[in-house]
Amino acid sequence: MDVSYLRQQSGVAAMTVIIGFEGSANKIGIGIIRDGEVLSNPRRTYITPPGQGFMPSDTARHHRAVILTVLKEALEEAGLKPADIDGVAYTKGPGMGAPLVTVALVARTVAQLWGKPLLGVNHCVGHIEMGRLITKANNPTVLYVSGGNTQVIAYSERRYRIFGETIDIAVGNCLDRFARVIKVKSKISNDPSPGYNIEQMAKKGTQYVELPYTVKGMDVSFSGILSYIEEAAHKMLSSDQCTAEDLCFSLQETVFSMLVEITERAMAHCGSQEVLIVGGVGCNLRLQEMMGVMCKERGAKLFATDERFCIDNGAMIAQAGWEMFRSGQVTKLEDSWITQRYRTDEVEVTWRD
Amino acid sequence: MADPEFFRGAQLLKQGAEARLYRARFLGKPTIVKERFPKCYRHPVLDEKLTHRRTVQEVRSILRCRRAGISAPVVYFVDYKSHCIFLEEIVGSSTVRDYISSTQSKSCKERELEHLAEHIGQILAKMHDEDVIHGDLTTSNMLLRCVLNVGESELILIDFGLSYISALPEDKGVDLYVLEKAFLSTHPNTEELFEKLLKSYAASSKRSSAVIKKLDEVRLRGRKRSMVG
Numbered sequence: 395m396d397v398s399y400l401r402q403q404s405g406v407a408a409m410t411v412i413i414g415f416e417g418s419a420n421k422i423g424i425g426i427i428r429d430g431e432v433l434s435n436p437r438r439t440y441i442t443p444p445g446q447g448f449m450p451s452d453t454a455r456h457h458r459a460v461i462l463t464v465l466k467e468a469l470e471e472a473g474l475k476p477a478d479i480d481g482v483a484y485t486k487g488p489g490m491g492a493p494l495v496t497v498a499l500v501a502r503t504v505a506q507l508w509g510k511p512l513l514g515v516n517h518c519v520g521h522i523e524m525g526r527l528i529t530k531a532n533n534p535t536v537l538y539v540s541g542g543n544t545q546v547i548a549y550s551e552r553r554y555r556i557f558g559e560t561i562d563i564a565v566g567n568c569l570d571r572f573a574r575v576i577k578v579k580s581k582i583s584n585d586p587s588p589g590y591n592i593e594q595m596a597k598k599g600t601q602y603v604e605l606p607y608t609v610k611g612m613d614v615s616f617s618g619i620l621s622y623i624e625e626a627a628h629k630m631l632s633s634d635q636c637t638a639e640d641l642c643f644s645l646q647e648t649v650f651s652m653l654v655e656i657t658e659r660a661m662a663h664c665g666s667q668e669v670l671i672v673g674g675v676g677c678n679l680r681l682q683e684m685m686g687v688m689c690k691e692r693g694a695k696l697f698a699t700d701e702r703f704c705i706d707n708g709a710m711i712a713q714a715g716w717e718m719f720r721s722g723q724v725t726k727l728e729d730s731w732i733t734q735r736y737r738t739d740e741v742e743v744t745w746r747d
Numbered sequence: 190m191a192d193p194e195f196f197r198g199a200q201l202l203k204q205g206a207e208a209r210l211y212r213a214r215f216l217g218k219p220t221i222v223k224e225r226f227p228k229c230y231r232h233p234v235l236d237e238k239l240t241h242r243r244t245v246q247e248v249r250s251i252l253r254c255r256r257a258g259i260s261a262p263v264v265y266f267v268d269y270k271s272h273c274i275f276l277e278e279i280v281g282s283s284t285v286r287d288y289i290s291s292t293q294s295k296s297c298k299e300r301e302l303e304h305l306a307e308h309i310g311q312i313l314a315k316m317h318d319e320d321v322i323h324g325d326l327t328t329s330n331m332l333l334r335c336v337l338n339v340g341e342s343e344l345i346l347i348d349f350g351l352s353y354i355s356a357l358p359e360d361k362g363v364d365l366y367v368l369e370k371a372f373l374s375t376h377p378n379t380e381e382l383f384e385k386l387l388k389s390y391a392a393s394s395k396r397s398s399a400v401i402k403k404l405d406e407v408r409l410r411g412r413k414r415s416m417v418g
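Quick mapping for you: the protein sequence lines, in order, are chains A and B.
The number in our numbering is simply the position in the first sequence, starting from 1, with 394 added.
The number in our numbering is simply the position in the second sequence, starting from 1, with 189 added.
Because the hints were derived from the structure by calculation, they are not lab data.
There's no promise every hint is true.
Partial chain A-side listing against chain B, Cβ under 8 Å, derived [to be verified]:
#, residue
1, 549
2, 551
3, 647
List time: in silico EDC-like cross-link candidates among lysine to aspartate or glutamate, alpha-carbon distance up to 16 Å [stated by the list, open to error]:
#, chain 1, residue 1, chain 2, residue 2
4, B, 403, A, 562
5, B, 203, A, 691
6, B, 238, A, 562
For glycine and all other residues, C-beta sits at the position ideal for the given N, C-alpha and C.
Next up, chain B with everything else stripped away, as it sits in the complex (with noise of 0.2 Å):
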């Protein structure tokens, strides 16, 4: 599927960390192609090693969550060879980010952010108790889709690509960990909000005492360790 016809009328979007994002149309339906290309910088085997386990685990974190009734892109199409995957395009959708960044500054939208936060944290915890790790969450990677019959808006999970299934807290307790980093240096002076996230969490998921209690000491580790040179 690498085939280069294809490619040519797909739209470049958007050059991520790891992958070219094209917007395309397969089998008739608006489609985001994600391709894998080769990291130059890296060992070929080092690369071809990620790129094919990365792409796997993507496809299989997303039917997984999808499953568990979470939303997540639609896999159209995976291919191995050129490590393509085709998902649904999540049309007339902005990102989390985008959406904290616009309204932090209003203070009537302050129940909102809480709401939206609140929300964040019972997703987490159902994607948790399914033991999928997503390994990379950040508010740009969260999607915000109007739903039009019913008022309030959908969140979606994208970006799988360093997720894994695991039933360890410690895992469970690192991945809020980076999204806690992520969340607070791309979002100044929303501890409190955070807060709320990780209330809303903890009353969500089943197993969220031994997780939190993780999340406290990975959190230690980062602070508290001493630094030297």
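Excised from the complex, chain A in its bound form (with noise of 0.2 Å):
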């Protein structure tokens, strides 16, 4: 389709709708956005049982299971019909391939079905576009946490430049793991979340233990965390040193004060004042009270969301969507695959100046 076209027909009276299709993990999520407004965003979660993650294919088993239902909803929730939409949009990565192909084919399907144009989002823009849009916050230093990804992002000349992230495994995905291996009389539920349990474990956590800490300029590193806890942690629960509410709360302020201070430290060398949080961890608010107080020492002003943007949904993806629509930015049929690896700063973004 005709990238001049597009631009005809969303022009300035007409309002632009985009229907979103996210699923790179173990959300499924369809949202719909119409200029800014989110007129409907269901979604459903995989969840294991304790003491497992999600594999791709299970992922993708639910996912089709599930993806006609969440469709169906977020129609008849918005109060549309397919040829209100204007656009497409679906995840094109980074994520799992098997649950990234499933939610690509029926976006690929819908698309041609009603004739629309499709959009492949960079996954972590979308939520980065979603925090900008709900909180109106202007040009922030972005910290990215979720399961797969950990980045201090900001924008200058068109990207979004990574100016800090992980050198091994995501915050999310450490809180997860910590979650499978701790041995306490139960196992952590990963209902609805490893790191949702951890948190209001942590609020009965009182004695600090010390951790890893490892951060190398903006980029930090949580691996050791991780096996360290595997090791001494085990024998100071056994011993009864500790308790386990104890381990969730020392974890919490270890890794989260290593994700303020890189945060502090990318804003300090952009010279930024606004920090928005973003991704599956940003809807901790232990996290956000620490961000806050960060700020306030520094006289910046802080941006969060809570679960409903925060986590993978439809609408982050429809709201990436729309900027690129409006901007002219088409995904062609024959380059719409996906890809488990996209960086953020592979993206341009053509909706900025």
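Since each chain comes alone in its own frame, lean on the hints to assemble the complex.
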């Protein structure tokens, strides 16, 4: 489809409605956005038994089973027919292969059935654009923290540039795996997420246990903490030197301090006075509280969203797709593949100055 | 030395990521006081541990660099109670970051930038040969000072707060990786310039081949790692 034709179609008077499909990990979400307004945003989560992570093929099976129900919900809740939609956005990557393929296949199919253009969205950019939309943050330093990503990002010259990131595993992955390995009477549940349950347990922790603290400039490393907990912490638990709640508390205090520190370093480096937290771990209230204290000390402003928009959802893909569509960036059918590895800074941000 | 009287006479220069910098005079000399104030967002035990460790490491690494002939500010005095380091003020200097930003647009200065990149590579090679890992290499943490009768600028390394001593190629590789990311994100379209820096590093250090190999490994960890969610 010709891009200039699309521009005409999305002229100033007409509103642009984009539907977004997200399924890069264990959430499947479909959201509809009309010029900054979230019309619907239903979501399902694939929850595994305690002690287990989610495997790609099982996750894809889950998404396949519910995606048409979620799609129907999204349209009904928005009160729209397919004819009202201007474009179909889907997550192109990064993420798990099998779930990404499943969702992209459905997005491609409906786009062709409805005769609408496709918009292949970078998942991380989706998070950033949704955060900017909801919080109205103008040009923030972004901390993107989730099960698969830990990045400190700032915008310059048409790219979301990565100033700092994890050099091994993501912070959410560290929390998830901690929940799986820690040996308490009953394992920490994956419902609604391991991170949420760690957050609740941490509130009852009182004793601070020293854990490895690894910051390298604006980068962080979490793998050492996990190995440490697997070894030393088990001994402390079994000899009643500390409780599982103490460990949850200490883990949060340590990893969140690292995240706040690299965010502050990036702010000092870029001269920025705004912070936006996005991604699933971003809805942790203790992280938000610590970031708030840091911002106050510097006279900066903190922007954060709640679980509806922090955690993977369809509307965020629709929002980034909306920006792409309005700036004339569409994805041809033959280019509508997916990729497990897709860096935030690979995307040309054609919609910002 | 956390004497309120002293700080009244001092001028707050800036609040960095983990310390406040004051300009003052110490025994008649122009001095920068780096005060690591308590970070209220951190658990007090963690805060005290990090602050103390970083103050010690910073002073140790500066001394080690200076002994090896690498320019870094002179340490005048350290107060471990208030976590203050009294450092020589590098008068008449600018950051490498500002220099690159102001020079990059001018095409005639390309040669000068290349020369600077090579110089940085040499200094870092020397630092790593001393087993000093800087820990926070950015172009903001390098200063340029004009040396009057030589006609060439002197490169001064600052902010050793995250530094430590290590002989491992892994640590040195990560040090360069941190610089690479900060360099390329701060100064868009400088990939070739950074290549020059690395080439000069490799040529200047006896033990560079293992470090560059590690750097390649660490890069793959960052870029090729699958990222989910």
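Hints, one by one, checked against the model:
1. 549: violated, 11 Å
2. 551: holds, 5 Å
3. 647: holds, 5 Å
4. 403(B) with 562(A): holds, 14 Å
5. 203(B) with 691(A): holds, 13 Å
6. 238(B) with 562(A): The hint is violated at about 24 Å.
Against the hints set out earlier in the document, violations occur for numbers 1, 6.
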